[in-house]
Amino acid sequence: MPSVIRMPQMGVSDECAILSKWLVREGEHVRKGQPVFSLETDKATFQYEAESDGFLVRILTGEGEEAAVGSPVGILSGTTAFEESGLETLLNELGKTAGKKLDHTEETVDIPIEKNPASAAVHVFAQKAQNAKQKISPRARKTANELGVDLSAIFMGSGPDGRILERDVLGAVQYEAASKTRGIYSGRPLTIADRVNMRQICEKNAGQTGFVSRVFDARKVLAGCTPQNRLAAGEMICRELTRLLVKNPDLNARRHGDKIYEYNTVHLRLNVETSSGTLKPVIRCAEMYAADELSVLMRNATERCKVFASKPQEFQEGTFSVADLSTYGVDCFTPELTPPELCALGIGAVTMRTKADERGGIEAYPAIRLTLAYDRAGVDALRAAGFLNELALQLEPGGTEP
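282 is the number that the numbering used here gives to position 282 of the sequence shown; each next residue is one higher, with no gaps.
Worth flagging that the hints you see were computed from the coordinates, not collected in a lab.
Some hints could be false.
Derived lysine-lysine pairs resembling DSBU-like cross-links, with alpha carbons at most 30 Å apart [unchecked claim]:
#, residue 1, residue 2
1, K21, K220
2, K21, K306
3, K32, K21
4, K280, K220
5, K280, K135
6, K247, K259
7, K21, K142
8, K280, K21
9, K32, K280
10, K21, K259
11, K311, K280
12, K135, K311
13, K280, K259
14, K280, K306
15, K280, K247
16, K220, K259
17, K21, K135
18, K135, K259
19, K142, K311
Keep in mind it's a predicted model, so treat the numbers as computed, not measured.
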């Protein structure tokens, strides 16, 4: 007797999910407990495990498609000799529940090229691409219609293969509101001190990168990392970092020639190790997301890099880089700058340190070392140290909640 594989509900508030990848092909045997497909919700990525033995005789929902919770995505049979007529009968019966299943029809949008001779330093939220095709989920299309969002202006979505999801539409609305009030970036010339520093660096053939380092008390950050939210310390730090960078656009900037371009939105560049070297994807408008949302975007970008499924556009125009080596047990290192970005932050592993307590005794506490690398032609050491100290104070107990 055939059984229907339905989209599971992974969260209490989840109404739908994206079937990102089938792990079993049609006709293959499946054992109970074996992962059958992976799915992506707004919060995380999961794997669905078979509830019984059988053969996957039909796939109803393709990879990258969005399906409502409880809707059929595949059919499992106890034998490969399942009659085609019986299969068609079952499919017709499933068709009676079409009202509960999302329309998987994908809309493609032709995005014309924008002929703009401006230099690469000019930032736009959605740089146009010639003859590009965008995949749009039904919920994203519905939300865009309700809010009046031009979907062709969204360069790439955060779903599989760049699929535009509802959260991308909402992010575009927030970005547009911020751009109207503050503008996209401001260009300022190099100061006299900047020019002198750059000339000295070039004349003396000295390294163009400086760095400052600071240890902070990580008890508050680690307390915010629970099994329920699945957040890592580095992700909590990145959330607070993006909030602070919006207030300090002189470090959230890029240098092109003799001008510094300051951004009021943070395009956070990650460092991801792959079998072919380090890739550096960019999370655009990172400050607009809550900690758990930013965590999902960072993990998804990391996974795409590791399987080489990223799009070239995911690596364009970062404004600030982050390198987290805590998983390697490295507690102190100098992060690498990605020109023309001015700064990069290195996050080390948790170590135990001691300090004097209020009663005159000694107490142990978990600590994390942050190292800020900076372009000496655009940022001086005192400015870099002040920013790093402000970030550390925000992360320590008593600071603003990340």
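State the violated hints by number, sorted upward, taking the hints as numbered earlier in the document. 1, 9, 10, 16 and 18
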